[in-house]
Amino acid sequence: MAVVKEFKGDQDDVHIKVDLDELFDGKFPDNEALKQRVGQAIVDRIIERTEDGLDKNNKGLKAPYSSGYADSLEFKAFGKSKSKVNMTLRGDMLGLLDVTEVGESSVTIGWDDTTQSNKAHNHVNGVTVPKRDFLGLSDSDREAIKQEFRSEIEKINDVVKEPSMFDSLLLSEIAKLAGELGEF
Amino acid sequence: MSFKVKIKGLNKVEIQVKKRLEDLLKDTTMLNEVGETTAKMIVNNARSGSVFKNDKKEKIKKLKNISIAHRKYLAKYNSTSDVYSASRSNLSFTGQFLKSIKHTVKRGLIIIEPTGSRTGYKTGPKTKDSNPPSNKQLAKFLADNGREIFGGLDKIGIKRLKTLIIRFLRRKLRTK
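So the sequences go chain by chain: A and B.
All the letters of the first sequence, read from the start, carry residue numbers 1 to 184 under this note's numbering.
All the letters of the second sequence, read from the start, carry residue numbers 185 to 360 under this note's numbering.
Keep in mind that the hints were calculated from the coordinates and are not lab data.
Computed from a prediction, not measured in an experiment: that's the story for all the values here.
Be careful, since some hints might not be right.
Said to hold, decoys possible - Computed spacing ranges between beta-carbons, pair by pair:
id : chain 1 : residue 1 : chain 2 : residue 2 : range
1  : A       : Ser83     : B       : Lys324    : 18 to 26 Å
2  : B       : Ser301    : A       : Glu48     : 45 to 53 Å
3  : A       : Glu180    : B       : Phe325    : 30 to 38 Å
4  : B       : Arg204    : A       : Asp12     : 22 to 30 Å
5  : B       : Lys245    : A       : Ser66     : 26 to 34 Å
6  : B       : Ser269    : A       : Glu48     : 32 to 40 Å
7  : B       : Lys245    : A       : Ser151    : 54 to 62 Å
8  : A       : Gly26     : B       : Asp266    : 24 to 32 Å
9  : B       : Leu293    : A       : Ala70     : 37 to 45 Å
10 : B       : Lys245    : A       : Lys131    : 37 to 45 Å
11 : A       : Glu180    : B       : Asn195    : 27 to 35 Å
12 : A       : Thr115    : B       : Lys256    : 36 to 44 Å
All C-beta atoms, glycine included, are put in the ideal place defined by N, C-alpha and C.
Model the full structure from these sequences, guided by the hints.
The structure is reproduced here in structure tokens:
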């Protein structure tokens, strides 16, 4: 079974659902805080790799940008370079990539914002621009995430742990802020 | 008869937990990231000809013909910014003003403001403005003349800052 068990590329809903049991080769602990952190690590890896100009298969994102785009005022104003393709103009699309759902043994990564979903849909599927599929996990992304959490998972794997009071408070702050994002 | 029960230990733990969360939200790394992102949004939007007002992005007030003519004249003697055009209203003649906008974090507060002095414009082959305003004075002048640059952010910008904070809090979750 694939680590990315679901890819949705609809215009208003672009996301990946990552199977944590598959990613970590075994039953992932039932620990909300840990799932949130792994989800965040996935978001961080996708952003970092994309900003380095690599797609989900660790291949260079199609470059250069078109001349029309590179000659635009916005392109210059935001300090972009024609040859450095990194999916970042103002930074809204990658800036709003987030953990949108935490399941029993999965995390969903995508956007809670229709405009950004539409943009991602265009890039990932190559509708009006060259296809630049950055949404996913490369082999090195997977390895880095496994490495980061392996020992922690081994330590708590057999213990079903309730979140600490601190974690509960943090989780409720995250939920509150995420709720506010949905109101926009 | 009724009893009033006060669990002292729990109260203490709750206070400690809340204190830790408050401290976390004052984390300078996070506040610096928020400050840097905000300053970048303000500067780059201005470079592209927009400012934020009432949670929205709007075009910077157009230049008058006399200003355009004056800019054309001054451009002959000054090194202009990469996004300068005589008729484009984007607060970027030489680029000094927008480059001077920096953020600082003081006691949990993020301050974004223009900083420092300006090099006076050359006004002819051998003449120069010897008493230029500071960048702060220029910001006030611009605001008084309908070109306020520090009018907040748009909704998407605010959403991005909230996402930055969520990401930071999420990374701080403990599992041990």
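Q) Are B/Ser301 and A/Glu48 spaced within 45 to 53 Å by their CB atoms? A) violated, 38 Å
Q.
Within 32 to 40 Å: is that where the Cβ-Cβ distance between B/Ser269 and A/Glu48 falls?
A. Since the Cβ atoms of B/Ser269 and A/Glu48 sit about 36 Å apart, the hinted range of 32 to 40 Å holds.
**Q.** Hint check for B/Asn195 and A/Glu180 - Cβ pair distance inside 27 to 35 Å
**A.** Between A/Glu180 and B/Asn195, where Cβ atoms are some 29 Å apart, the hint holds.
Q. Per the hint of 30 to 38 Å, is the separation of the Cβ atoms of A/Glu180 and B/Phe325 within bounds?
A. holds, 36 Å
Q. Okay, B/Arg204 versus A/Asp12 on CB: inside 22 to 30 Å?
A. Given a distance of about 38 Å, which is not inside 22 to 30 Å, the answer is violated.
(Q) 54 to 62 Å was suggested as the range; check whether the CB atoms of B/Lys245 and A/Ser151 agree with it. (A) For B/Lys245 and A/Ser151 the Cβ distance comes to about 58 Å; the hint holds.
(Q) Taking the Cβ atom of B/Leu293 and the Cβ atom of A/Ala70, is their distance within the range 37 to 45 Å? (A) The hint (37 to 45 Å, Cβ to Cβ) holds, given that B/Leu293 and A/Ala70 are roughly 39 Å apart.
Q | C-beta pair A/Ser83, B/Lys324: status relative to the range 18 to 26 Å that was hinted | A | This hint is violated: roughly 40 Å between Cβ atoms.
(Q) Can you tell me whether the CB distance of B/Lys245 to A/Ser66 sits inside 26 to 34 Å? (A) holds, 31 Å
(Q) For the hint 37 to 45 Å, verify it against the beta carbon of B/Lys245 and that of A/Lys131. (A) This hint holds: roughly 40 Å between Cβ atoms.
(Q) Quick check: does the Cβ-Cβ distance between A/Gly26 and B/Asp266 fall within 24 to 32 Å? (A) For B/Asp266 against A/Gly26, whose Cβ atoms are near 53 Å apart, the range 24 to 32 Å is violated.
(Q) The hint says 36 to 44 Å between A/Thr115 and B/Lys256; measuring C-beta to C-beta, is that right? (A) About 38 Å separates the Cβ atoms of A/Thr115 and B/Lys256, which means 36 to 44 Å holds.
Violation of the numbered hints given earlier is confined to hints 1, 2, 4 and 8; the remaining hints are satisfied by the structure.
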